[in-house]
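With these hints in hand, go ahead and build the complete structure from the sequences.
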Amino acid sequence: MTYADVYKSWQTDPEAFWMKAAQAITWVKPPSRALDDSKAPIYSWYADAQVNTCYNAVDRHVENGRADQVAIIHDSPMTHCVSRMTFAELQTATASLAGALRAQGIGMGDRVIIYMPMVPEALVAMLACARIGAVHSVVFGGFAAHELAVRIDDATPKAIIGASCGLEPGRTVAYKPLIDGAIAQAKHKVDFTVILQREQCRADMTDGFDHDWHAVQQGVTPAECVPVAGDHPAYILYTSGTTGAPKGVVRATAGHLVALNWTMKNIYNVNPGEVFWAASDVGWVVGHSYICYGPLIHGNTTVVFEGKPVGTPDAGTFWRVIQDHKVRSFFTAPTAFRAIKRDDPKGELIKDYDISSLRALYLAGERADPDTIIWAQNVMKVPVYDHWWQTESGFPMVGNPAGIEALPVKIGSPTVALPGYDIRILDEGGHEVPRGTLGAIAIKLPLPPGTLPTLWRAEDRFIKSYLTTFPGYYETGDAGLMDEDGYLYVMARTDDVINVAGHRLSTGAMEEILANHPDVAECAVIGVTDELKGQLPMGFVCTNKGTSRTDADIVKDCIRMVREEIGPVAAFKLVVVVDRLPKTRSGKILRRTMVSIADNADFKMPATIDDPAILDEIRTALKPLGYGGA
1 MTYADVYKSW QTDPEAFWMK AAQAITWVKP PSRALDDSKA PIYSWYADAQ
51 VNTCYNAVDR HVENGRADQV AIIHDSPMTH CVSRMTFAEL QTATASLAGA
101 LRAQGIGMGD RVIIYMPMVP EALVAMLACA RIGAVHSVVF GGFAAHELAV
151 RIDDATPKAI IGASCGLEPG RTVAYKPLID GAIAQAKHKV DFTVILQREQ
201 CRADMTDGFD HDWHAVQQGV TPAECVPVAG DHPAYILYTS GTTGAPKGVV
251 RATAGHLVAL NWTMKNIYNV NPGEVFWAAS DVGWVVGHSY ICYGPLIHGN
301 TTVVFEGKPV GTPDAGTFWR VIQDHKVRSF FTAPTAFRAI KRDDPKGELI
351 KDYDISSLRA LYLAGERADP DTIIWAQNVM KVPVYDHWWQ TESGFPMVGN
401 PAGIEALPVK IGSPTVALPG YDIRILDEGG HEVPRGTLGA IAIKLPLPPG
451 TLPTLWRAED RFIKSYLTTF PGYYETGDAG LMDEDGYLYV MARTDDVINV
501 AGHRLSTGAM EEILANHPDV AECAVIGVTD ELKGQLPMGF VCTNKGTSRT
551 DADIVKDCIR MVREEIGPVA AFKLVVVVDR LPKTRSGKIL RRTMVSIADN
601 ADFKMPATID DPAILDEIRT ALKPLGYGGA
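Last residue of the sequence shown? That's 630 in UniProt numbering, and every number before it is there in order.
Bear in mind the hints are in silico, worked out from the structure with no lab data behind them.
The structure displayed is predicted, hence computed values, not measured ones.
Here a beta-carbon is modelled for each residue, glycine too, at the ideal position from N, C-alpha and C.
Errors might be hidden in some of the hints.
List time: in silico EDC-like cross-link candidates among lysine to aspartate or glutamate, alpha-carbon distance up to 16 Å [stated by the list, open to error]:
1) Lys189 / Asp153
2) Lys351 / Asp314
3) Lys444 / Asp37
4) Lys583 / Asp611
5) Lys533 / Asp371
6) Lys8 / Asp314
7) Lys158 / Asp210
8) Lys346 / Asp314
9) Lys187 / Asp153
10) Lys381 / Asp354
11) Lys158 / Asp110
12) Lys189 / Asp110
13) Lys189 / Asp210
14) Lys464 / Glu475
15) Lys326 / Asp371
16) Lys8 / Asp422
17) Lys410 / Asp369
18) Lys444 / Asp478
19) Lys556 / Asp519
20) Lys265 / Glu405
21) Lys381 / Asp352
22) Lys326 / Glu274
23) Lys351 / Asp324
24) Lys545 / Glu522
25) Lys39 / Asp324
26) Lys410 / Asp485
27) Lys464 / Asp485
28) Lys583 / Asp616
Estimated spans, in silico, between C-beta atoms of each pair [stated by the list, open to error]:
29) Thr2 / Ala515: 24 to 34 Å
30) Arg619 / Pro434: 28 to 38 Å
31) Asn64 / Asp460: 35 to 45 Å
32) Met108 / Asp324: 32 to 42 Å
33) Pro408 / Asn64: 31 to 41 Å
34) Pro624 / Asp324: 41 to 51 Å
35) Gly219 / Gly109: 22 to 32 Å
Rendered as structure tokens:
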């Protein structure tokens, strides 16, 4: 069947399409139907089924002939070690940890926060929670204590599973003090922690509260897989909200299993037994879907990589991993390739490696600029597929369905809508616009299985955030256009969430932090174009008159405050002190105009601007930072 055939089969009978896809999953109790729309616009999939994620990702492969197949390859240039874990070993590990959690009082529906680096134990922790029906929430290791505390208070977990440290080029990041700081700040109090001690930095432990990863498992009865309802939450994953308060995206169990399994062959074109590598982190949705769950559910070997695209040890490390582990499909963010290109512009290092195992490179997480795609195509000599999705969707919404039919690549487009997604381009009134016209990207409801059914303990916010602007549609928050061939072009965010190296961050949250500085009267944060990271946040602050502090000291304070509250992931280092901010006559800050000035891009003078002369002042203030043009 061609892509058009498959897409049409979904359009014609979505129920039959998704029931057929569900046959690839091993059910305790099979679903009687796919979609429950009785509470629209809140939808659920396979709600009357019973199933277990860990069983489908681990145990069934052991039972069906893959016991000795490698499930996880851990490749850590940070520790100069490579290790492998078979499906049988993974089953033993998850059953043991699940048993330990159960012995400590963790049961069905209890939340567990996981705060770990890129080690196999992170996947074991995720799967162990799923094994006993606990709901995990993975927080990116190294996130600031304040951000972790916010998530503790929202998810109200019984336990935190962490590690003593994470490893970065040239430094070791102690995790336990961050965990302790978050526990102290949080209003909700967890019952206990489980800490994996790493030899690079051992953590101080509190008897009776902190439990050693290995010691807590001694003598426990291994846990069997517990059936859960199809709509039982598999996990909560927090994503930035425009208000600065993180949104807890919920992932329902059954739809998650069906959708991810379907994508592994149809989009990523891998067969069970082959090696799949997503160079991401378990703290992000890519790590959930395509380091842990998707590959293992489908019977693939997954690579857990603890390193960076450059500096561990050089810009050839990706090529080495592909060669050493015979990777078939590789998924990463464009930022990684911009870093490689900067260090090795001619791609000389790839000549030292054999990457002939690789079928294709998949890029997502931020806009894939044409220069990066063309460079990767020329250096790697494989197809390069941009594709587009979100934390909320959990798997690609738009992509090149290479496992069905490899469609022609149009650089700048992530290709076409995938089955389950009826994508429309709408004007502000919710009306479809002609092909080739820029508008808001929206998806006709219902969303397919595997997408978010709601936000954690915030159904009203879910409806307001995603379903209110265009009734009957999911609002993606992105603007773009569709060409005559049905190829989508994603042009920009329609809100103030910026994308720093694939990490979506709220400028509003940063503004709230800057506004707390005693010498800052007013502020704005925008995203400016950066060759390496895609975007960088830039802060503009107006200081209180009469302050005794120097501008330089205030700038240092602002940078430190954002890094402490949000963490190094924000890459916040650009701050400029200005006398005033450009505004409309009604007082709205003209952020998009400020972005255009910083990026030295053409723009139309806003008709409602209060004082056009301020734009020259902004341009002058930006010059010392190297922005705003000549």
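Structure-based check of all given hints:
1. Lys189 / Asp153: holds (8 Å)
2. Lys351 / Asp314: With a Cα-Cα distance of about 14 Å, the restraint between Lys351 and Asp314 holds, given a limit of 16 Å.
3. Lys444 / Asp37: holds (14 Å)
4. Lys583 / Asp611: holds (8 Å)
5. Lys533 / Asp371: holds (14 Å)
6. Lys8 / Asp314: Violated: Lys8 and Asp314 sit about 46 Å apart, past 16 Å.
7. Lys158 / Asp210: holds (13 Å)
8. Lys346 / Asp314: holds (14 Å)
9. Lys187 / Asp153: Holds: Lys187 and Asp153 sit about 6 Å apart, inside 16 Å.
10. Lys381 / Asp354: At roughly 12 Å apart (the allowed maximum being 16 Å), Asp354 and Lys381 satisfy the hint.
11. Lys158 / Asp110: With a Cα-Cα distance of about 7 Å, the restraint between Lys158 and Asp110 holds, given a limit of 16 Å.
12. Lys189 / Asp110: The hint holds at about 14 Å.
13. Lys189 / Asp210: holds (13 Å)
14. Lys464 / Glu475: holds (10 Å)
15. Lys326 / Asp371: Violated. Lys326 to Asp371 sits at ~27 Å, over the 16 Å cutoff.
16. Lys8 / Asp422: Holds. Lys8 to Asp422 sits at ~11 Å (cutoff 16 Å).
17. Lys410 / Asp369: holds (12 Å)
18. Lys444 / Asp478: holds (15 Å)
19. Lys556 / Asp519: With a Cα-Cα distance of about 12 Å, the restraint between Lys556 and Asp519 holds, given a limit of 16 Å.
20. Lys265 / Glu405: holds (11 Å)
21. Lys381 / Asp352: Holds - the C-alpha atoms of Asp352 and Lys381 are around 15 Å apart, at most 16 Å.
22. Lys326 / Glu274: Within the cut-off at roughly 8 Å; holds.
23. Lys351 / Asp324: holds (14 Å)
24. Lys545 / Glu522: Status holds; Cα separation ~12 Å.
25. Lys39 / Asp324: violated (50 Å)
26. Lys410 / Asp485: Cα-Cα ~11 Å, so holds.
27. Lys464 / Asp485: Violated, at about 33 Å.
28. Lys583 / Asp616: holds (14 Å)
29. Thr2 / Ala515: 24 to 34 Å: For Thr2 and Ala515 the Cβ distance comes to about 54 Å; the hint is violated.
30. Arg619 / Pro434: 28 to 38 Å: Once the Cβ atoms are compared, 36 Å apart, the range 28 to 38 Å for Pro434 and Arg619 holds.
31. Asn64 / Asp460: 35 to 45 Å: holds (44 Å)
32. Met108 / Asp324: 32 to 42 Å: With Cβ atoms ~41 Å apart, the hint holds.
33. Pro408 / Asn64: 31 to 41 Å: holds (38 Å)
34. Pro624 / Asp324: 41 to 51 Å: Check passed, 46 Å falls within 41 to 51 Å.
35. Gly219 / Gly109: 22 to 32 Å: holds (26 Å)
The structure fails hints 6, 15, 25, 27 and 29 (numbered hints given earlier, in ascending order).
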